[in-house]
Amino acid sequence: MELSLATRAIAEHTVLEVGGEVDVYTAPRLRERLVELIDGGAHHIVVDLNRVDFLDSTGLGVLVGALKRVKAHDGSLSLVCTQDKILKIFKITGLTKVFPIHGSVEQAASSDE
Amino acid sequence: VTSGVAQVEIEIPSRTAYVAVVRLALASLARSAGLDEELVDDLKIAVSEACANAVLSNEDADGDAPVTVTWTQSSDGVVVEVGDRGAVYDPTSTAEEVDSQGFSTRSLMSSSLLKSLVEECEIGPRDGGGMRTRLFFGR
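Top to bottom, those sequences are chains X and E.
To convert, note that position 22 of the first sequence is 72 in the working numbering; the numbers rise steadily by one, no gaps.
To convert, note that position 46 of the second sequence is 157 in the working numbering; the numbers rise steadily by one, no gaps.
This is chain X alone, in the form it adopts within the complex (with noise of 0.2 Å):
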């Protein structure tokens, strides 16, 4: 399955939707989205995780990368996710202390962080 990303704009959050399967091969089209995205000045980003059906340590990488990115413009970069598989791959590496995440691209852009 390939990868899909489309972005879109709520308030001053721009949200980035990503779907299909984040791999090793695929998360470099993942990293230089963020990447085009926060130098063109987005910096308050919320990942929208909810169509992605696989994901592993080399997109954890990546999204790890663009938080410190947006930090460095002291932006945000919060996560959209409800899938019980997804959500356990950030638990077990402890990215639910570092991450925002969401249960609705809503709840992220209306939230301070």
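Quick caveat, the hints were computed from the structure, so don't treat them as lab data.
Be aware that one or more of the hints could be misleading.
No more than 30 Å apart at the CA atoms, straight line, and that leaves these computed lysine-lysine pairs for BS3-like [unchecked claim]:
1) X:K135 <-> E:K226
2) X:K138 <-> E:K226
3) X:K121 <-> X:K138
4) X:K141 <-> X:K118
5) X:K121 <-> X:K147
6) X:K147 <-> X:K118
7) X:K147 <-> X:K135
8) X:K118 <-> X:K138
9) X:K118 <-> X:K135
10) E:K226 <-> X:K118
11) X:K147 <-> E:K226
12) X:K141 <-> X:K121
13) X:K121 <-> X:K135
14) X:K141 <-> E:K226
Starting from the known structure of chain X, arrange chain E on it as the hints suggest.
Quick look at chain E alone, frame taken from chain X:
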């Protein structure tokens, strides 16, 4: 296959694009073996980690040897072995590398996923050079 030992060997070119092929093939084998869906999800992640490590390890060594994946299923469970011919490294190293753009090179997260998702995980040098990862999933 419902009894005895069944073995499947897959060899992929050492390219990241082929990791998904292994993941799909092994998920299908796991379902045929009657593993429950949560274990299939764990196996897909662990196999992807091991294959990604193998391809990246080959790349680090500028090698082009194929990555070999062996699936062995018995009444006890499933063993997946992934072998490369890349650089030999210390799998217990806890040094996290960060590239020029500040992106993590993922080794710590990869090893914590492997440790948590797999009943037994051994990573060590492979006979003839390279590294070998052995994953055991009990029934």
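Now the hints, each set against the structure:
1. X:K135 <-> E:K226: 17 Å, holds
2. X:K138 <-> E:K226: 14 Å, holds
3. X:K121 <-> X:K138: 25 Å, holds
4. X:K141 <-> X:K118: 19 Å, holds
5. X:K121 <-> X:K147: Between K121 of chain X and K147 of chain X the Cα gap is close to 15 Å, so the pair holds against 30 Å.
6. X:K147 <-> X:K118: Holds, at roughly 14 Å.
7. X:K147 <-> X:K135: 17 Å, holds
8. X:K118 <-> X:K138: 22 Å, holds
9. X:K118 <-> X:K135: The hint holds at about 25 Å.
10. E:K226 <-> X:K118: Judged against 30 Å, a Cα distance of about 26 Å means the pair holds.
11. X:K147 <-> E:K226: With Cα atoms ~20 Å apart, K147 of chain X and K226 of chain E stay inside 30 Å; holds.
12. X:K141 <-> X:K121: It holds: about 22 Å lies between the C-alpha atoms, which stays within 30 Å.
13. X:K121 <-> X:K135: Judged against 30 Å, a Cα distance of about 27 Å means the pair holds.
14. X:K141 <-> E:K226: Measuring from Cα to Cα gives roughly 13 Å; hence the hint holds.
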